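Novice: These are the residues of each chain, in order.
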Amino acid sequence: MEKENLTDLLKQHPFLHNVSDEHMQTLIGCASNVRFPDNAYLIREGELANKFFLIRTGRVALEIDVPGKAVLRIQTAGPGEVLGWSWLISPYRWHFSGVAVMDTRAIALDAECLRNKCETDPAFGYEMLKRLALVMEKRLEATRLQLLDLYDMTPSGATS
Amino acid sequence: MKDPSEALHSAPVDPMTTHPVTVRKVIWENDDTFTLTLDMNEAFEKFSFLPGQFNMLYVFGVGEAAISISSDPVKINTIEHTIHRVGTVTAALAHMKKGNVIGVRGPYGAGWNLDAAKGKDVCIATGGIGLAPLRPVIYSLLKNRDDYGRIVILYGGRSPLDLLFRVELEKWEDEENIEVLVTVDRADSSWKGHIGVVTSLLSYIKLDTRNTIAYVCGPEIMMKYTIDELVRRGLSDEQVFLSMERNMKCAVGFCGHCQYGPTFICKDGPVFPLPRIRSLLDRKEL
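So the sequences go chain by chain: B and S. The opening residue of the first sequence carries number 23 in the numbering used here; numbering runs sequentially from there. The opening residue of the second sequence carries number 4 in the numbering used here; numbering runs sequentially from there.
Since the hints were derived computationally from the structure, they do not count as laboratory data. Just so it is clear, the structure is predicted and the values come from calculations on it, not from any experiment. Do not take every clue at face value.
[Said to hold, decoys possible] 27 Å max Cα-Cα, derived DSSO-like pairs, lysine-lysine:
#1 S/195 x B/160
#2 B/33 x S/209
#3 S/270 x S/227
#4 S/174 x S/28
#5 S/209 x B/160
#6 S/78 x S/174
#7 S/252 x S/28
#8 B/160 x S/287
#9 S/123 x S/146
#10 B/152 x S/209
#11 S/195 x B/91
#12 B/160 x S/227
#13 S/78 x S/270
[Said to hold, decoys possible] Taking CB as the label site, the calculated pair distances span:
#14 B/59 x S/147: 39 to 45 Å
#15 B/30 x S/287: 48 to 54 Å
#16 B/152 x S/77: 50 to 56 Å
#17 S/193 x B/166: 22 to 28 Å
#18 B/86 x S/180: 34 to 40 Å
#19 B/157 x S/77: 44 to 50 Å
#20 B/156 x S/164: 30 to 36 Å
Glycine is no exception: its CB is placed at the ideal position from the N, C-alpha and C atoms.
All chains, full assembly: derive it from the sequences and hints.
Specialist: Next up, the structure:
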């Protein structure tokens, strides 16, 4: 893919909304355009977290392998969302698997490249961390809501 | 769309009088939710209702439960109630079979204000059994399609097997200028759809925030977070309507069981414009 096109794709992704030109140039050096067909795994639980994905189109399901039971899908990431932050947190191993449930296009950012740039350029590192923290906060809130088992709740006082 | 006064006129003269009505059909939607089709002709000369209104269903010798009407408002000879089995009365209703007779009084309450959405886009955000009271809204919107803009239906359930009206959801999705996004809390690997809370679906759609009316129905905590997200995206309180639920007994505002601050859910609701109850939503023990 042409560098110019990759820049456009990165700029269009909500995760990088209003990112500075300087940081954009830093990111481009780590980025590649990728495509996954239906049922292809982007990440696998336990494996090295060597990529950070910005989903452009399609859908990726996060899976947990529950011993003795069927694989459980717990969340999906779609267009405009990101997949994975284990690349930033030692020991850099995926905690879940991620499988494309339809044809999926994404920007893959090389984790080692990103980590190095975060270390050497603290302003860039802080910018990435702030953006990821927002994603984490949203995911945590969504997880808490899922834990409430919302739809099984009967209205207060409803006994009939 | 019927004139609200027309629906009120069709209500029984004595609002406490129960009419015997025959069960025509029972369809199980999932493990604990079923739809009762009732033959209204015998008991009511002319029964009509507004989307969002409810009836009191009486199982003789057991008791009464307030249940929203979930069918097409145009079809008045038979009406449907989609019921979540949660207590004694609904468990008894779950045992009903074709030909059984139950008592019905109604319809009661304020319905969804569809006039507010005329000429505008509509966002329906719902979860679990909350889709049932909004189903008549969807039928009405589709019947008068030219009166409304784009329609977005966001629906969340516990798991794929818990989703209500799946065939209809697919059918609605095929309609022009309608988007149907369904999500579940968890699924096995056969599910290809969204997984996550219903509010997460809002990130996949673009709302024309100045020209959209939102109808929200589901568990109260779901509605709270959905309203927060709608407002965060630019909708004003005036653009949001929601359906509340409390334990209703008399259905006409006499008994006070469903008192909600200065309002009665049965009489003033169950559907409210958000500004009317905004201050009550975060108040504990209401």
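Novice: Are the hints correct? Go through all of them and say.
Specialist: Results for each hint:
no. : hint                      : verdict
1   : S/195 x B/160             : holds, 22 Å
2   : B/33 x S/209              : holds, 19 Å
3   : S/270 x S/227             : holds, 22 Å
4   : S/174 x S/28              : holds, 22 Å
5   : S/209 x B/160             : holds, 18 Å
6   : S/78 x S/174              : holds, 19 Å
7   : S/252 x S/28              : holds, 26 Å
8   : B/160 x S/287             : holds, 25 Å
9   : S/123 x S/146             : holds, 16 Å
10  : B/152 x S/209             : holds, 25 Å
11  : S/195 x B/91              : holds, 19 Å
12  : B/160 x S/227             : holds, 16 Å
13  : S/78 x S/270              : holds, 24 Å
14  : B/59 x S/147: 39 to 45 Å  : holds, 42 Å
15  : B/30 x S/287: 48 to 54 Å  : holds, 50 Å
16  : B/152 x S/77: 50 to 56 Å  : holds, 53 Å
17  : S/193 x B/166: 22 to 28 Å : holds, 26 Å
18  : B/86 x S/180: 34 to 40 Å  : holds, 38 Å
19  : B/157 x S/77: 44 to 50 Å  : holds, 46 Å
20  : B/156 x S/164: 30 to 36 Å : holds, 33 Å
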